[in-house]
Amino acid sequence: MQEPDIYHNLANSLRATLGVLELDKTSPLYRDAVSICDYLENPIFRIAVFGPFNYGKSTLLNALLGQRTLPIDLIPTTGAAIHVRYGSDLHTRITLTDGKEISENGTDILKQFAILDGDRRMREDVINVEVFCPHPFLQTGVELLDLPGTDDREAQDVLVRDQLLTADLVVQVLDARKLMTLGERENLRDWLMDRGIKTVVFVANFLNLLEPDDQKQVYNRLLFVAESFRSELPNNISNLYRVDALPALRARLKGDMAAAQTTGLAMFESALQSMVSTKEKNLSIRFPRVELMANQIKQAGEAKRQAIATELSTAEEKNKAKFEIKQKAQKLIKKGFAASVSDFYSWLYLP
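Under my numbering, the residue at position 284 of the sequence shown is numbered 938, and the numbers go up by one with no gaps.
Simulated from the structure, these hints should not be mistaken for laboratory data. Incorrect hints may appear among the rest.
[Claimed, not checked] With a cut-off of at most 25 Å between alpha-carbon atoms, the simulated BS3-like pairs for lysine-lysine come out as follows:
| id | residue 1 | residue 2 |
| --- | --- | --- |
| 1 | K952 | K679 |
| 2 | K754 | K679 |
| 3 | K679 | K974 |
| 4 | K980 | K958 |
| 5 | K952 | K852 |
| 6 | K852 | K832 |
| 7 | K974 | K958 |
| 8 | K765 | K754 |
Keep in mind the model is a prediction, meaning the values are calculated, not measured.
Make a model of the complete structure from these sequences and hints.
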């Protein structure tokens, strides 16, 4: 059996098991299982860019694409998971909750449907945002996923957490001007490692804004942090890259290849291409998270079995108690009736 068939069968089995368990559809387990099913049925290589608001995620992706494809601003705005896929021309497709699809050339429509509103909330009527771009890297079967920033609102965090489970490679953007926060470490552990997502690469942004003497020290500190997390990457691939995202984008827009080279973008692109090539030949990357999900579902199934057994036992005990009460009542009635008959006969034969 070919791998796509294996994954499809696994997804079908997971969906069938979910139906039996009757889980709450808002529960993390249900949402994770659905994400895993979608992931198994998706043949593309998805690269998700992950990190807090204002860390330069969209700018990094724009630099990779060589154009201002995604909205970037001084005020963090990404309010949807934006899937960037290959297309013969640049256009955007928005899918709404009522099933309506809106397609337009270019990406200006993203400002209407894929940014946060005045209260920094995501639109509730949007279920999918796709950007199609004629870039050769995307043509190899790669999809880039621009995610909302974390550490702002719970709704954004839930969306990001769900989407990460569908990524073959997660790029975590770090701000070199800041120490990695406890929240970032917890997200890395809880959202990635503990869910079987072990293909993680760190990108240090904003190093160019530091003094030259500080850059090496900060990079070495970030390298120590990156190496402290387990990553399943090819032996020749580092899990930390320096990319000055905004200078890289500016250089690409100007066509200045020499300037782009100094930003670290070319080295990062080369690593991505190597990882895509390697993982296309070894899709076992998907099994760790599937195995974890299977164990969690097994535990949920066992818990449900025990709950049903307890419920049946309780029902049996209740039925047994009812039967015993009924028998006791019948005995009391018979005893009372016999006593009444005896009294009646005694009354009949009174002298």
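We went through each hint and held it up to the structure:
1. K952 with K679: Holds, at roughly 17 Å.
2. K754 with K679: Holds: K754 and K679 sit about 23 Å apart, inside 25 Å.
3. K679 with K974: Given pair K679, K974 is violated - Cα atoms ~37 Å apart, limit 25 Å.
4. K980 with K958: violated, 32 Å
5. K952 with K852: Between K952 and K852 the Cα gap is close to 22 Å, so the pair holds against 25 Å.
6. K852 with K832: holds, 24 Å
7. K974 with K958: Holds, because 24 Å separates the two Cα atoms, which is no more than 25 Å.
8. K765 with K754: holds, 18 Å
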